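Asks: Take these sequences, add in the hints, and give me the full structure.
These are the residues of each chain, in order.
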Amino acid sequence: MNSTLHPDSWQYRELNKRAPSLSVLSDTLIELAEAGHPVVAGTADLQHSNGLAGFAGRFPERFTQFGISEQNMVSAAAGMATTGVIPYVATFASFLALLCCEQIRMDVAYCAQPVRLIGHHTGISMGFYGTSHHATEDIAIMRSIADLTVVSPADGPQFAAALRASVDYPQPIYFRISRGHDPEVYARDTPFEFGKAIIHELGRDLTIIATGMPVHPARTAMRTLQEEGYSVGLIDMHTIKPLDRAAVMQAAKTSRMILTVEEHNVLGGLGGAVAEVLAEEGGGARLVRHGIRDEFSLIAPPTHLYRHYRLDAKGVEETARALLA
Amino acid sequence: MNSTLHPDSWQYRELNKRAPSLSVLSDTLIELAEAGHPVVAGTADLQHSNGLAGFAGRFPERFTQFGISEQNMVSAAAGMATTGVIPYVATFASFLALLCCEQIRMDVAYCAQPVRLIGHHTGISMGFYGTSHHATEDIAIMRSIADLTVVSPADGPQFAAALRASVDYPQPIYFRISRGHDPEVYARDTPFEFGKAIIHELGRDLTIIATGMPVHPARTAMRTLQEEGYSVGLIDMHTIKPLDRAAVMQAAKTSRMILTVEEHNVLGGLGGAVAEVLAEEGGGARLVRHGIRDEFSLIAPPTHLYRHYRLDAKGVEETARALLA
Amino acid sequence: MEPTGATSWPRNVSDPGPVTPQEAERLRERACFVRLETIRLISIAKVGHYSSVFSCAEIFSTLYYDTMNIRRGEPGWPGRDRFLMGKGHAAVGQFPVLADLDFFDKAWLDDYTRLGSPLGDHPDMRKVPGVDFSSGSIGHALSNGVGMALGARFRKQDFDVFVLLGDGEMQEGQVWEAALSAATHRLGRLVAIVDRNGYQLDGSVDDIAAVEPLADKWRAFGWVVHEVDGHDVVALANLLRRIKADRTRSQPCCIIARTVKGKGIDYMETEPGWHLGYLAPEDERRARETILAGADAANAEVAGNGIASAVMTSEGTA
Amino acid sequence: MEPTGATSWPRNVSDPGPVTPQEAERLRERACFVRLETIRLISIAKVGHYSSVFSCAEIFSTLYYDTMNIRRGEPGWPGRDRFLMGKGHAAVGQFPVLADLDFFDKAWLDDYTRLGSPLGDHPDMRKVPGVDFSSGSIGHALSNGVGMALGARFRKQDFDVFVLLGDGEMQEGQVWEAALSAATHRLGRLVAIVDRNGYQLDGSVDDIAAVEPLADKWRAFGWVVHEVDGHDVVALANLLRRIKADRTRSQPCCIIARTVKGKGIDYMETEPGWHLGYLAPEDERRARETILAGADAANAEVAGNGIASAVMTSEGTA
Ligand SMILES: Cc1ncc(C[n+]2csc(CCOP(=O)(O)OP(=O)(O)O)c2C)c(N)n1
Ligand SMILES: Cc1ncc(C[n+]2csc(CCOP(=O)(O)OP(=O)(O)O)c2C)c(N)n1
Ligand SMILES: [Mg+2]
Ligand SMILES: [Mg+2]
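Chains as they are written, first to last, in this note's numbering: chain A, 60 to 384; chain B, 60 to 384; chain C, 577 to 894; chain D, 577 to 894.
No lab work stands behind these hints: they were computed from the structure.
Since the structure is predicted, the reported quantities are computational estimates derived from the model, not experimental observations.
Watch out, some of these pointers could steer you wrong.
Which residues of chain A face chain D? A partial, calculated answer using Cβ under 10 Å [said to hold, decoys possible]:
(1) Thr123
(2) Thr142
(3) Leu357
In the DSS-like style, the derived pairs of lysine-lysine whose C-alpha atoms are separated by at most 25 Å in a straight line are [what the hints assert, rightly or not]:
(4) B/Lys312 - A/Lys312
(5) B/Lys312 - B/Lys255
(6) D/Lys682 - D/Lys703
(7) D/Lys703 - B/Lys76
(8) D/Lys682 - D/Lys622
(9) C/Lys622 - A/Lys76
Not the full set, but computed from the structure, chain C residues with beta-carbon under 10 Å of chain B [unchecked claim]:
(10) Ile620
(11) Arg658
(12) Met701
(13) Arg702
(14) Pro705
(15) Asp708
(16) Ser713
(17) Gly715
(18) Gly721
(19) Gly723
(20) Trp752
(21) Leu756
(22) His761
We treat Cβ as the ideally placed atom computed from N, Cα and C, and that holds for glycine.
Replies: Listed below in structure tokens is the structure:
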């Protein structure tokens, strides 16, 4: 950074260095590598967006820069895994889950290689970058692929815990990550188990089942509504596949209504997964799916989009209140 | 074909020339082109598999052979559409819906180009070709993309009718086609309307909602079970998106149970779409989703696989009877 | 019809002759306009791709104000030449040009990236008149261009298709699928321009991937290759005029435009981290001054030296 | 240790010397075995890719019975050279070799493509010992190979990675992504072999796409290129021996193996429709005879002429 510039001016790499929350991926992988796990990492020209530049600096021999060739990265990661390493490859969710969908199915999931795919800046978090950079389809797409675990952490600490848990997890994993500077729901070292939802509370009137970034606003909304006298609960469904059917059924048996909240199309994602359980198992609760309503998002700065699509605390609260009325 | 060969010997192109049912795509496009519609077609080294060789012979200037570059084909089709043509591009469903998922979202659906994507040999119809050539995820994937219509015709006549209806349909369409020699359910010229399910019958005990190839075995199963005294119905949900919610709700209000049948993962496909409606709208019917149970299929000749995965008439019948018992 | 020169088409395309000093000055001025407007729009967005635009500002200005057959105020004119942006993230520099050509209301620019605006980080054909195809996912645009050229041939439409590609974009396999396709179908009306600015998001293109020998790659894929200084409007415009005037083109051609990422602002030229960034108002003001001063100097220098721009053309068909 | 020669490794890799006439005869015989077994297995499946195997039968035999460092009966030996099939649809010719090397029970072959069999149209690493990576979707394998070579380098594992690609496969962009990646990372242990048989599913490769000049493409992508007659086991084996023996390789290399699709059966050589097909028992029997006769003739001819195989090597590093 040129020293004569005003301190409010910034360029990309400098800015990212100032964002410690961005470094969860890199820090945790460094920790795992230092602990002796055979982790390696790679990206497709986005090492500053996902913070892997930190890992690359610490362990250059464990890092591969693939350039803008995402499909090659995924297939190569699968090939690499056969030599006994655990590759963590990261790029924007749209360029991972969508652009590499077939490579993920074939080379990673079908070949059962322990690749960890990290799709970051998912949902509409890329704001005014628009549709090409949004990913409101990735849960549906990844969930349709057999033998692939799909995880959508709510915040940095949970992501870190999931990464730690991933080193000896048998299946390939798709992680769906937001921007890396999301408000935190959990304290560091909160236990994490793949496939086991975190039941914050169950509500008699309503239980919110949320995944990823929306867990935080959903919790805020829950508290506000509780203060108003409603019995509202919250389940953090961080693992979308395999889905914690028992947790869904607990909610279905306790609550009059279930509201799923996701930064994703309401078709085929978390809401779809919950609907499948409810429609098959019954239980009586009515389901409402909240998210992007099968449309391409407008553009705007991310927080404006969250407000517009009612994925901030107020939006979730209002959506829930409308059901409770 | 070498004339000294035994008549039972065959090579690919000759065999395909002998299969008239394979020619629905080509014949209908020829018909549309002759009627003055600006249809063009393309494929990625599969003109004998999808029969487009016929169209190419009749209208060489309207046909583009893209070679083995599916993604280029899809993006180019979208570019071509801007010049006022209606491109129909066809390849194996796995190489269309999965390999080109991102190009379909971005260049076709988001850019709202009137491209018609024909994913053929879908499901497990490629038999012992295995996972790379199977497509049991394509409904879930295509359904997650906004502004894209998803259609899964039951047979050749319905496919032909849908193709005819597609020339002035405003949205891009993904057609999910089987092998082209599936038993026929409909007579030629049976009316077809996008988004309007064909309600064969509604059953008090059970209504089967099927899509694509399984409609035929489902109809056979229905008849067998009716003869046994059960009140069983059948809906052909040829359009998976936009889904005919009214038809689903009619079944939900009439029937004690709904059985979805699809040659697709039970996650996120037709079963998922129906589950979303039922879980939100209620109606009381219990849902069972029949299809590939979130696993990679075994290999075998197609009919053996259909038997194994209970997607033939007997399999559907037994699945349904188990529910009725 | 219009004084900007943008709508001086159709002119005698068969022999437009070389660029005059006045025309060149005008193109430089429009490149300067692109840079200044980019700075203004990014001040609204509070983040943007200055340096990706600065490397292709002269390419924008030459294409839109000299090369392309377009009609002011008629973004949908069927006979227009098409322009596609493989490097869609430089749209912030394209939008001011489109507004300047009366393709849409200039007031739209003032809401750049605000909720509901048609103008975001990438060009969007669904929302922005004058955008010939949407982009944002690097690697699709050349295929889109292949499709347009194929469609035009079948429909007997008479236009050229220009596709601007990043040099990092060379790493996307789909580009090579499209390159092969274009050569196979002998799409002579397709022109790719590679903005060879040497940097991509994570650093130097050549450190990240062995894209050199780049001209050899395109040639081996069946394209005619030209190399040019991408900031030299005279060289660029003359090359593009010759290409356009050549009605015998039977193969697609690729122009490798050697450029400097961040051209015009010293710290952007030397620090790849500026792929994305933000200038505080004070720095923004200084950047404007630098750009204006640079443009004056360029014009003065050229006026002194005469027009001495070099264009290297291989295979000599254009 | 074993008479087949397949397990004669490790031998003096630094200078294995040229192939002896006895070795060459053995390789021809194993290529013949590949063709015959392919015919047998397809008679079980009732449809298959005869001609895709026949073009690379000598490549299979040379790699497995001469070039590659592998251990009979130990498909999982970590030090083994890896072999990947971009053209996975030729697996029907690979399976008999894997069985012959005691990687799995030969009886598996008899159930080729039957319900639950591990052996289908494409190689499946999850089910078939000796398959180093699954394929079927054309275009992935070179990337898989890039990953293996990268992994081996990091893990300090000492093996080469051979990737067999179809010439139609050259149209998949991912191949060029992988090619760029391999050159960038200087993966000297990666060897691509292009089965340049001239045909793909819909017809002639060169009609469908301008893949020529193919050697120029690979060279422009940073690879060392060798060209060889892919049916000449002596030329092939000597070239591969020299490549393997060269411990100074710092770049990936590509062998363009000129072959004939359907090699050995006249009507398959001339009719591209045989990409996929079926021979009735009577024709199957005649095809076997033709293949056996052809193999005898080849050995006789070589015995007469001495070994006169030409290998063209460009850039001369191997
Ligand atoms: C498919 C895809 N992958 C990644 C990105 C993220 N991205 C945006 S700009 C950029 C670097 C582009 O570099 P280059 O092509 O050299 O463009 P320029 O230097 O002209 O900005 C990347 C990786 C993207 N937009 N699309
Ligand atoms: C991605 C992908 N697209 C299409 C196919 C269908 N397919 C199977 S073989 C083949 C032709 C292959 O031609 P080539 O690479 O030349 O192989 P060979 O001639 O050696 O059989 C095609 C298109 C495929 N398997 N994978
Ligand atoms: Mg660049
Ligand atoms: Mg071939």
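Asks: Hint by hint, which ones does the structure fall short of?
Replies: 3, 7, 10, 14
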